[in-house]
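What follows is the residue order along each chain.
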Amino acid sequence: MSEIQLEQRTKRSLLFYPKIYLMIITQDIKSKMHYRADFFISILGMLATNISGFVAFWLIFQNFPSIKGWTYHEMIFLYAFSLLALTPVQLFFDNNWSLRFAVYSGDFVKYCFRPLNLYFYFVSEVVDVKGVGQFVFGLAILIYSWEHLAIPVNFQTILLLIVAMISASLIMIAMMTAAAATCFWIMNSGMVMVFLFRFKDYAKYPVTIFNQAFQIFFSFIIPIGFVSYYPSLVFLRPGHIHPLSYLTPLVALVFFYGSYKLWMRGAMKYSGTGS
Amino acid sequence: MAEIQTKKLPFRRYFALTRGGILELTAFRMSMALDFVGNIIYMIVVYFLWSAIYESTPTGIVNGMTFSDTLIYLTLASAIFSLVEVYLVWQMGRDIQSGQFSLYFTKPTDFFLYQFFNQSGNIATGFIVTFLPTFLIVDFLSSWRIPIGVNTLFFAISLIFSIVINFCIDFMVGTLCLYTQSFWGINMMKEVIVLLLSGATIPLAFFPHTFQTVVMYLPFQAIYNVPLQILISDSLSFVDYGKYLGIQAFWSLVMILLARLFFRHASKVITVNGG
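Chain order of the listed sequences is C and F. This note's numbering puts the first residue of the first sequence at 1, with every later residue one more than the last. This note's numbering puts the first residue of the second sequence at 276, with every later residue one more than the last.
I should point out that these hints are in silico values taken from the structure, not numbers from a laboratory. Any given hint could turn out to be false.
What the hints assert, rightly or not - Covered stretches of chain C (in silico footprint by chain F; criterion: 3 or more residues with CB under 8 Å from a CB of chain F, positions within the stretch not fixed):
| no. | region |
| --- | --- |
| 1 | 25-38 |
| 2 | 41-50 |
| 3 | 53-59 |
| 4 | 62-75 |
| 5 | 102-112 |
As the list claims (entries may be wrong) - With a Cα cut of at most 20 Å, we get these calculated SDA-like pairs of lysine to any residue:
| no. | chain 1 | residue 1 | chain 2 | residue 2 |
| --- | --- | --- | --- | --- |
| 6 | F | Lys465 | C | Ala56 |
| 7 | C | Lys68 | F | Tyr329 |
| 8 | C | Lys32 | F | Pro422 |
| 9 | C | Lys68 | F | Val337 |
| 10 | F | Lys465 | C | Gln134 |
| 11 | C | Lys30 | F | Gln372 |
| 12 | C | Lys68 | F | Glu330 |
| 13 | C | Lys32 | F | Thr334 |
| 14 | F | Lys465 | C | Leu44 |
| 15 | F | Lys465 | C | Thr49 |
| 16 | F | Lys465 | C | Ile51 |
| 17 | F | Lys465 | C | Val55 |
| 18 | C | Lys30 | F | Gln456 |
| 19 | F | Lys465 | C | Ala267 |
| 20 | C | Lys32 | F | Thr455 |
| 21 | C | Lys68 | F | Gly335 |
| 22 | C | Lys68 | F | Val320 |
| 23 | C | Lys261 | C | Pro115 |
| 24 | F | Lys518 | F | Val489 |
| 25 | F | Lys465 | C | Ala48 |
| 26 | C | Lys68 | F | Thr334 |
| 27 | C | Lys261 | C | Phe40 |
| 28 | F | Lys465 | C | Leu47 |
| 29 | C | Lys68 | F | Phe342 |
| 30 | C | Lys32 | F | Tyr454 |
| 31 | C | Lys68 | F | Lys465 |
| 32 | F | Lys465 | C | Phe54 |
| 33 | C | Lys68 | F | Met318 |
| 34 | C | Lys32 | F | Gly374 |
| 35 | F | Lys465 | C | Asp38 |
| 36 | C | Lys68 | F | Ser331 |
| 37 | F | Lys465 | C | His240 |
| 38 | C | Lys32 | F | Ser373 |
| 39 | C | Lys32 | F | Gln456 |
| 40 | F | Lys465 | C | Phe40 |
Fair warning: this is a prediction, and the values are worked out from it, not measured in the lab. Ideal Cβ placement from N, Cα and C applies to all residues, glycine included.
Between the sequences and the hints, there should be enough to build the whole structure, so can you do that?
Shown next, in the form of structure tokens:
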């Protein structure tokens, strides 16, 4: 690296990374525009899964009045919250699914030669547009349940919603980042990702339906309770907020930082395939 | 060339593919173990979710189903899912996108049979590694509520039909990818439709009445609902068994015919990437 480049590296403005990010994703979106049919079919596929989750709740509540004291609209709120919180991992971190292929084939080396943060450069390369459908559907049913539950709409609740949503989405991003990072050490990391990704489907249930042991499991070991349940309590049960609800942003940051460190540690010990 | 084209592989030779599939899977023991753990966790979630749901009923029986009926129904549905799921759409979709697909046309095999036997090793292993343990655990958890006797025998026959019907659906959806060149979204839609309309997501007994009638005329319920009814109901006569298996045999024939016709038509119009 030359003297001048080093000079420039230290003088990066705050806008450096957002600018680069836009440049990289524009390329990805351009290449995806070649397959417009695929784009629409993928969005429909994503919507189909989301709608089936909704239909499942609808069917349950056709037959039963409540689930452990949670009403139909409250369950829809939890579901909507989880869908929205799971959108960023789908939209912006989908390249983690390709990490193992890049590592095994040796292509990963290319990321090591850029004067950019390795993790940043790797995840910014792909934007998974099908997450857009999930975002729209999630937002629609969030508004629907929000209205039925008569939750006030003011500056405070909107701000809380944004903070809660960002924290919740970091949890799943952290889980998938850590899962993807296992490919630096083991061969079957695809299975680890599939295994952990399945847990996102359980985020829409209130943690209270489980017994003590599994409440702990879903709060601290596989922390999907933080994807929807704990942050949603702030809106659904403002009188009885669980202490863990307040901790959501902190837990999210800790998990995300840990997974990022793990990912980077793996990347640093990566020695290529020798070709 | 013409010689090779006309000389089709003898049927029994296809079993070599079954053996190959089983051997291939022994290399992925880790994956199977993780898959198994994933299924156990799914069962635990279903257990807690539905016991919470059933708490809100005074009688404990809804639409003729008790809690343990529902538990057995849903967990075995997921066991059947991991048994019949062949990921054929993924494989065909990838081969179509990469251009590898053209290789199949150079082989002196029947494409439909080739794919079926190629997956059969997977299915055979899945039966022993995933299905049987899940079955035993569910039976144990429900204090041996599943009757063992002549119904188990019919259930085994019924499962073979389920495998065939599900395979044909996958095969047709895979063939559809020849037209769209895109598979992720189509596969998602297929999964949602099959799982929802077959009763694997929510037992069919909980569906509104008119909807149930419509669903009974579709092939999807023959994959999950029929084998599960055969296994769980303890008051079926031989005529009932005959009816159930007759429905499945009918759908198997129809689907095999449709799948083969569709593929024959599609293979005349395909374009293969890369040549």
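Now for the hints, and whether the structure bears them out:
1. Given a C-beta distance limit of less than 8 Å, the hint that chain F covers the region 25-38 of chain C holds, as 3 residues qualify and 3 suffice.
2. Chain F is given as covering the region 41-50 of chain C, and this holds because 8 residues of the stretch bring a CB closer than 8 Å to a CB of that chain, at least three being needed.
3. Counting residues of the region 53-59 of chain C whose beta carbon lies closer than 8 Å to any beta carbon of chain F gives 3, which meets the minimum of three for the stated coverage.
4. Only residues whose C-beta sits within less than 8 Å of a C-beta in chain F count toward coverage, and the region 62-75 of chain C has 7 of them, enough to reach three; the restraint holds.
5. For the region 102-112 of chain C, the proposed coverage by chain F is not satisfied: 0 residues have a C-beta within less than 8 Å of a C-beta in that chain, short of the threshold of three.
6. Our distance criterion of 20 Å between C-alpha atoms is met by F:Lys465 and C:Ala56, whose separation comes to about 17 Å.
7. Distance check on the hinted pair: C:Lys68 and F:Tyr329 sit about 9 Å apart at the alpha-carbon level, within 20 Å; holds.
8. About 54 Å separates the Cα atoms of C:Lys32 and F:Pro422, which puts this hinted pair outside 20 Å; it is violated.
9. Annotation: proposed proximity of C:Lys68 to F:Val337 holds, straight-line Cα distance about 17 Å (limit 20 Å).
10. Pair hint F:Lys465 plus C:Gln134 holds up; C-alpha atoms about 18 Å apart against a cutoff of 20 Å.
11. Restraint check: the Cα-Cα separation between C:Lys30 and F:Gln372 comes to about 19 Å, which is no more than 20 Å; the hinted pair holds.
12. With a CA separation close to 7 Å, the supplied pair C:Lys68 and F:Glu330 stays within the 20 Å bound.
13. Only pairs whose Cα atoms come within 20 Å are accepted, and C:Lys32 paired with F:Thr334 is rejected, the gap being roughly 55 Å.
14. In summary, the hint linking F:Lys465 to C:Leu44 is supported, as the alpha carbons are separated by about 11 Å, within the 20 Å threshold.
15. Annotation: proposed proximity of F:Lys465 to C:Thr49 holds, straight-line Cα distance about 10 Å (limit 20 Å).
16. Of the pairs offered as hints, the one joining F:Lys465 and C:Ile51 holds, with about 13 Å between alpha carbons and a cut-off of 20 Å not exceeded.
17. For the hint pairing F:Lys465 with C:Val55, the CA-to-CA distance comes to about 16 Å; that is within 20 Å, so the pair holds.
18. Of the pairs offered as hints, the one joining C:Lys30 and F:Gln456 holds, with about 18 Å between alpha carbons and a cut-off of 20 Å not exceeded.
19. For a cut-off of 20 Å, the pair hint linking F:Lys465 to C:Ala267 is broken: about 37 Å separates their Cα positions.
20. The straight-line distance between the Cα atoms of C:Lys32 and F:Thr455 is roughly 15 Å, inside the 20 Å bound, and the hint therefore holds.
21. Under the criterion of a C-alpha separation no larger than 20 Å, the hint pairing C:Lys68 with F:Gly335 is consistent with the structure, at around 15 Å.
22. As the CA atoms of C:Lys68 and F:Val320 are separated by approximately 14 Å, the hinted pair is consistent with the 20 Å bound.
23. Between C:Lys261 and C:Pro115, the direct Cα distance comes to roughly 18 Å. Compliance with the 20 Å bound is thereby established for this hinted pair.
24. Distance restraint check for F:Lys518 and F:Val489: the Cα-Cα separation of roughly 18 Å lies within the 20 Å cut-off, and the hinted pair is therefore satisfied.
25. Simply put, F:Lys465 and C:Ala48 have alpha-carbon atoms about 9 Å apart, close enough for the 20 Å limit, and the pair holds.
26. The hinted pair formed by C:Lys68 and F:Thr334 meets the criterion: a straight-line CA distance of about 16 Å does not exceed 20 Å.
27. Taking the CA atoms of C:Lys261 and C:Phe40, the gap is about 36 Å. The hint is violated against a cut of 20 Å.
28. With a C-alpha separation of about 12 Å, the suggested pair F:Lys465 and C:Leu47 falls inside the 20 Å cut-off, and the hint holds.
29. About 15 Å separates the Cα atoms of C:Lys68 and F:Phe342, which keeps this hinted pair within 20 Å; it holds.
30. Proximity of C:Lys32 to F:Tyr454 is assessed by CA-CA distance (about 18 Å); at most 20 Å being required, the pair is judged to hold.
31. Distance restraint check for C:Lys68 and F:Lys465: the Cα-Cα separation of roughly 32 Å exceeds the 20 Å cut-off, and the hinted pair is therefore not satisfied.
32. With a CA separation close to 17 Å, the supplied pair F:Lys465 and C:Phe54 stays within the 20 Å bound.
33. Restraint check for C:Lys68 and F:Met318: satisfied, since their Cα atoms lie roughly 19 Å apart, inside the 20 Å limit.
34. For a cut-off of 20 Å, the pair hint linking C:Lys32 to F:Gly374 stands: about 19 Å separates their Cα positions.
35. Taking the CA atoms of F:Lys465 and C:Asp38, the gap is near 15 Å; set against the 20 Å cutoff, the hint holds.
36. Our distance criterion of 20 Å between C-alpha atoms is met by C:Lys68 and F:Ser331, whose separation comes to about 7 Å.
37. Taking the CA atoms of F:Lys465 and C:His240, the gap is about 42 Å. The hint is violated against a cut of 20 Å.
38. Between C:Lys32 and F:Ser373 the alpha-carbon distance is near 16 Å, which keeps this suggested pair within the 20 Å criterion.
39. About 13 Å separates the Cα atoms of C:Lys32 and F:Gln456, which keeps this hinted pair within 20 Å; it holds.
40. Proposed proximity of F:Lys465 and C:Phe40 is supported: the alpha carbons are some 15 Å apart, at most 20 Å.
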